[in-house]
Amino acid sequence: MTLTAQNVSWRAGGRLVVDGVDLEPEPLSTVGLLGPNGSGKSSLLRLLSGVRETASGAVLLDGEPIAGAARRAVARRVAVVEQNAETETDLTVADVVGLGRIPHRRPWSGPSAQDDAAVRSALERVGMAGMAGRRWHTLSGGERQRAQIARALAQEPRELLLDEPTNHLDIGHQLDLLDLVARLPVTAVVALHDLNLAAMYCDRILLLDRGRPVAAGTPAQVLTEESIAAVYGVRAELAPAGPGGRPWVRFLGRC
Amino acid sequence: MPEASTTRRGPVPAALAAGLALLALSVAAAVAVGPAGISAAEVWRVVAARATGGDSGMPPLREAIIWESRLPRALLAAACGAGLAVCGAVLQSLLRNPLADPFVLGVSSGASTGAVLVVVLGLGGGLLTLPAGAFAGACAAFAVVLLLSRLSGGTTAKVVLSGVAVMQLFSALTSLAVFTSASAEQTRGVLFWLMGSLSGADWSDVLLSAAAVAAALAVCTASASSLDAFAFGDEAAAALGVSVARTRLLLLTATGMLTAVLVSSAGAIGFVGLVLPHAVRVLTGPGHRRLLPVSAVAGAVLLVWVDAAARLAFDPQELPIGVMTSLIGVPVFVYILVRTRGAR
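As given, the protein sequences belong to chains A and B, one line each in that order. This note's numbering puts the first residue of the first sequence at 1, with every later residue one more than the last. This note's numbering puts the first residue of the second sequence at 1, with every later residue one more than the last.
There could be a bad hint or two in this list.
Once the Cα atoms are required to be at most 20 Å apart in a straight line, the calculated SDA-like pairs of lysine to any residue come out as [claimed, not checked]: (1) B:K158 <-> B:L249; (2) B:K158 <-> A:E88; (3) B:K158 <-> B:S243; (4) B:K158 <-> B:A140; (5) B:K158 <-> A:E86; (6) B:K158 <-> A:G13; (7) B:K158 <-> B:T247; (8) B:K158 <-> B:C139; (9) B:K158 <-> B:R96; (10) B:K158 <-> A:T87; (11) B:K158 <-> B:L169; (12) B:K158 <-> B:A143.
Only some residues are given here: those of chain A computed to face chain B with a beta carbon under 8 Å [unchecked claim]: (13) R71; (14) R72; (15) V74; (16) A75; (17) V80; (18) E82; (19) E88; (20) L91; (21) D95; (22) L99; (23) P103; (24) P107; (25) W108; (26) G110.
If you are wondering where the hints come from, they were derived from the structure by calculation, not from laboratory data. We treat Cβ as the ideally placed atom computed from N, Cα and C, and that holds for glycine.
Please put together the full structure from these sequences, using the hints given.
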């Protein structure tokens with residue numbers, strides 16, 4: 001059992017932003033959310049994390065509606081890495097990662113030895129063990145993303161939701177980051193723009209268009225010349241040449 | 001790396017104990033300084049005598065200077081400093097705005113309107129005192145800020161904008177009342193009080209303010225983790241398990257009410273709530289579990305000394321304490337701005 005969405009919809013300004021989406025990730029798998037700008041990827045992630053309430057349908061965590069669950073209990077299970085994390089506060093990397101321990105803490109109590117250990121192991125996992133004292137404002141884009149992922153890991157989640165985590169990263173860092181996410185012992189739902197990266201790292205893909213689910217399945221099932229033309233308005237050629245026989249998309253131009 | 005983690009993880013209880021000891025010494029020193037030539041030992045004798053119900057063996061006039069005038073004044077200064085510093089620290093984090101201070105919620109403007117209405121227009125028919133009128137005005141302004149920010153969607157930026165709007169509105173109302181009906185004498189009195197004055201401090205002010213500070217400090221410290229979680233915004237806080245709307249309302253109410261109590265007993269003492277939290281963050285780091293109590297003690301010590309200076313600098317004339325805090329606060333603020341330039 002894990003985090004599932006059943007026919008969820010969400011409305012903003014009278015418009016259906018998310019329109020009847022189902023999602024049932026296999027435990028420990030990586031699911032890619034694809035679709036053009038404004039197709040509802042970020043909104044769907046907010047529904048999944050319970051930060052927004054669904055207009056209809058339900059998000060279930062272990063079969064229980066997330067809407068009625070205690071926020072802190074949800075945050076101990078589901079961690080979120082947002083698209084742009086910005087702060088005015090002068091935080092160190094250790095401070096940022098330590099935020100992930102908040103849902104595990106009671107009011108009044110400070111960080112325990114267990115919290116410190118979770119922060120350390122999260123930093124090691126993302127390869128930032130030597131950077132705990134670095135200031136957030138001095139980090140590069142890639143380091144910030146990794147620090148946010150370490151913060152999410154410090155929450156010790158079983159479900160991890162990431163909104164375009166490869167934004168602003170060079171290709172090397174994009175591969176490192178998705179490789180890391182795919183290896184983590186969590187169920188991950190990742191919104192992505194890059195179809196080839198999604199094909200390389202996701203076990204399943206959900207393709208959205210204007211809030212509606214258009215296709216769902218393995219990368220080879222979802223990424224076809226027809227679906228890419230229909231959703232993105234782009235002509236493409238597909239070759240099953242990637243690692244593990246995963247499809248590889250070559251763009252030919254606008255339709 | 002070790003450097004950053006050790007300076008930020010100093011033992012809080014020890015630092016607080018040292019801070020409280022420094023505060024006690026500061027209060028004793030502030031009571032002693034001044035024209036009557038009182039010694040710290042005499043201060044102690046009076047306090048001990050009052051605490052045990054014994055006799056200090058001092059001339060009644062001397063004892064009255066200590067017990068009825070200077071000691072409540074120094075303690076009110078401590079309570080105001082502690083409260084304003086805590087409110088500033090909480091609001092800066094909660095509203096994600098380094099320029100937020102305790103008066104961002106419109107409370108001080110509301111207080112001035114209330115005070116002017118009582119003093120100038122005689123509202124309440126002489127039953128309402130100036131502080132009571134100020135408190136009522138502060139609460140009214142705060143209620144309007146909450147209502148406005150709620151009507152406009154309740155986001156962080158809307159709270160700040162509502163505060164600015166309400167501040168302007170109540171300032172205009174104050175000016176209107178003064179312009180249409182105040183005598184020069186009344187205006188002078190209200191203005192002096194508004195710039196901050198501890199000269200009328202008595203024990204009931206001290207007890208009320210201290211109780212308000214203690215209550216608000218308890219509420220805010222209990223929410224320290226939630227305040228930490230706001231560093232990356234409301235949505236990030238929600239994803240970390242914070243009930244954002246409830247926490248925001250609770251903390252806005254705690255700081256708004258505390259500021260209302262402090263402003264109505266001592267006027268609007270500026271810059272402490274804005275500058276001090278920034279200075280304390282340099283020492284404690286951004287974690288609110290350290291930041292809030294240390295800010296409280298530091299604010300208390302600072303304002304005790306500033307008030308002593310305001311009392312003595314132009315003796316026998318007294319400088320409004322708000323003028324003094326701004327004169328000291330602006331250079332410190334500039335220094336912090338320049339110092340943190342590299343970090344951004």
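message = Next pair to validate is B:K158 with B:R96; report whether the Cα-Cα distance is within 20 Å.
response = 12 Å, holds
query = Is the hinted pair B:K158 and B:C139 satisfied, with a Cα-Cα distance of at most 20 Å?
reply = 19 Å, holds
query = Holds or violated: are the alpha carbons of B:K158 and B:L169 at most 20 Å from each other?
reply = 16 Å, holds
request  = Sort out whether B:L249 lies within 20 Å of B:K158, counting only the CA atoms.
outcome  = 13 Å, holds
message = So if I understand the rule, the pair passes when the alpha-carbon distance is 20 Å or less; does B:K158 with A:G13 pass?
response = 19 Å, holds
B:K158 paired with B:A140 [C-alpha distance capped at 20 Å] = 18 Å, holds
task = Would you check whether A:L99 satisfies its interface hint, that is, whether its CB is within less than 8 Å of any CB in chain B?
result = 6 Å, holds
ask   = Given the proposed pairing of B:K158 with A:T87, does the C-alpha separation stay at or below 20 Å?
value = 18 Å, holds
ask   = Can we keep the A:P107 interface hint, with Cβ of chain B closer than 8 Å?
value = 5 Å, holds
key: Per-residue hint verdict: A:G110, partner chain B, C-beta under 8 Å   = A:G110 check passes; min Cβ-Cβ to chain B is 5 Å, inside 8 Å.
ask   = Holds or violated: A:D95 as interface residue toward chain B, Cβ cutoff 8 Å?
value = 6 Å, holds
key: Proposed interface contact between A:V74 and chain B, which counts if any beta carbon pair is under 8 Å   = 7 Å, holds
Consistency with the previously given hints is maintained throughout, with no hint failing.
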